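Asks: Residue strings, one per chain:
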Amino acid sequence: MSTGNLSRLDPEEVARAVTEFINATIMARSRPVRPDDDLELAGLDSMALLKVLLFIEAHYGFWMPDEDLVADNIRTARAFATYICRRSA
Amino acid sequence: MQALWKREGVSNNTLMVVHCDGQLDPARIARALERFVELCPWPASRLRRPFPWGQLHWAAPANAASEAPAVRHQRLTTPDGLHGLLEAELNHAIDPRVEPPLRVAIFDTMIDAAGPQSALVLTWFHPLMDPRGAQNLLAHLAHLDEVVDGRAPWGGTPPAFATEPDPRPLKERGRLGRQSQRHMRALVPESPVSPGSGLAHPGLIRFEQASFVGDDHGLGGVHSTREICWRLALVGRTMADLWRRRGLPDVPFLVPVSIDLRPKGEPGATFGNVLAFHFARFKPSDTSDVAALTRTLRDQMTEALRDGQIDASAVAMEFLKYRPVSLMLRDLPGTATRETFSFNCADLADFPPAPEKLFGRRVVNAYHAPAVLPRPGVGVFFNRCGIRNNLVVSWVEGAMKEEEVTRIIEGVREGMQWRPAR
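Chain order of the listed sequences is A and B. Here the first sequence stands for residues 1 to 89, where the numbers follow the working numbering. Here the second sequence stands for residues 1001 to 1422, where the numbers follow the working numbering.
These are calculated hints, taken from the structure and not from any lab test. No experiment lies behind these values; they were computed from the predicted model shown. Hints may be right or wrong, so weigh each one.
Stated by the list, open to error - Not close to chain A: a few residues of chain B, all C-beta gaps over 10 Å, as computed:
#	residue
1	1187
2	1247
3	1254
4	1417
Said to hold, decoys possible - Reference excerpt, derived from the structure (chain A facing chain B, CB under 8 Å, subset only):
#	residue
5	26
6	31
7	43
8	46
9	48
10	50
11	51
For every residue, glycine included, the Cβ atom is placed at its ideal position computed from N, Cα and C.
Produce the complete structure using the sequences and hints provided.
Replies: And the structure:
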């Protein structure tokens, strides 16, 4: 994905992309998460969190710094999306 | 040092201990085991290799059901005797070529305040399954115990008990396996340093388990004390203290951190080791600032993911997992002819909710204790069961003293701000 139009990111679309990534690479096929599901309760661990961060780096062109890795930004796929859009604006 | 352990029948056992709030009925567990091996013969299998050479594999006996592991039942007169029995289980090496790779025991204790209780103990040859697999096995046995009146277990569709083989071509898997081997060699330019230096005898495997309670800030991302890198840094600090007291040199050591490869959200496979390893690397002097070490370890883990080392390790494990330790040591430079030492750390997270009730009893606590290879090995393992945070330290007698183990447990407890569980 090009990172040239980050300021025009659609939060819904980003939430869908993050959710799709998590379901395709981390979750069991029979247990997909939805954008508002709590990711830790769904079973994501430290390694899974790093996978999501690498996905964000590859697709949105930045690495989430440690100080931003707080519950409000990472609790759900939608929280990730909100952060990504805010950061990209 | 490795020569010390040759031909010593070193145990590769692992224990899963489940404490229940009442006495378990051995006949119910034996029945569930028999039903299980009818569906899945792994617990009754033997490890075989075609003569003169061939792939190691598990072979089921002709009548697996009649060879289901027996359930040993023993009543203890004092609760203090339990720990000695558990350590004996750990040291009584299972030879999977001639006996089932799984043993099952029930130890009944009478604690005045709590009344009669049972500890259900699974002991297995480690390559049979990993601890998460043992948790799944218990859940399956509990399900078979509950399904009566002619109903088909799992609604007639049993889950997959083992993972499917890696579909990638052998050439590709071979390339990844060699990549992992090169990575491991590059990680250990120096000879390992061991707290077991000077050991004259292999020594028995020992373990210590402690339970704690306290908020561990589960939803804080990398600020969470549940994060494996934070826990590893804390454990590293306690190990560095041991290094200093022994006057060992400040050279980097490796800590294999096991990574569960099962997809999240469902139990996944029972048999086989569904694990990859990440090799964390730091010097004892790096541990003085735990927060900084946590960041370094997180960066190392990120790089391992980015470079595909985790995937390569998973493939390498496929090639290595049933081989004797002596063959594995060829792949770890410095271990075949010189000092050996293994320092292991893992967090098994939550004991799964399915066996909250097990054979009619409520689970009070559950934890696992492995023998850490290669000798002399030390392992520090976390898991949670309900509100209890368990910490298990496993070591080889002579490599550490009991007061040193106590100091490790106390150091981690203090760093986690946990309180002893009653």
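Asks: It remains to establish, for every hint, whether it holds in the given structure.
Replies: So, going through the hints one by one against the coordinates:
The beta carbon of residue 1187/B sits about 18 Å from the closest Cβ of chain A, which is more than 10 Å, so the claim that it is off the interface holds. Residue 1247/B, annotated as away from the interface, keeps every beta carbon of chain A farther than 10 Å; the closest lies near 34 Å. Once the 10 Å rule is applied to beta carbons, residue 1254/B is consistent with being away from chain A; the minimum gap is 18 Å. No Cβ of chain A approaches the Cβ of residue 1417/B within 10 Å, the least distance being about 18 Å, so the stated non-interface status holds.
Residue-level restraint check for residue 26/A holds (minimum Cβ-Cβ distance to chain B is 5 Å; threshold 8 Å). For residue 31/A, the suggested interface contact is upheld, since its CB lies about 3 Å from the closest CB of chain B, less than 8 Å. For residue 43/A, the interface hint holds, the least distance from its beta-carbon to any beta-carbon of chain B being 3 Å, beneath 8 Å. For residue 46/A, the shortest C-beta to C-beta distance to chain B is roughly 4 Å, which falls under 8 Å, so the interface hint holds.
Because the closest C-beta pair between residue 48/A and chain B is about 6 Å apart, less than 8 Å, the hint holds. Given hint, residue 50/A at the interface with chain B, holds; its Cβ is 5 Å from that chain's nearest Cβ, closer than 8 Å. Given hint, residue 51/A at the interface with chain B, holds; its Cβ is 6 Å from that chain's nearest Cβ, closer than 8 Å.
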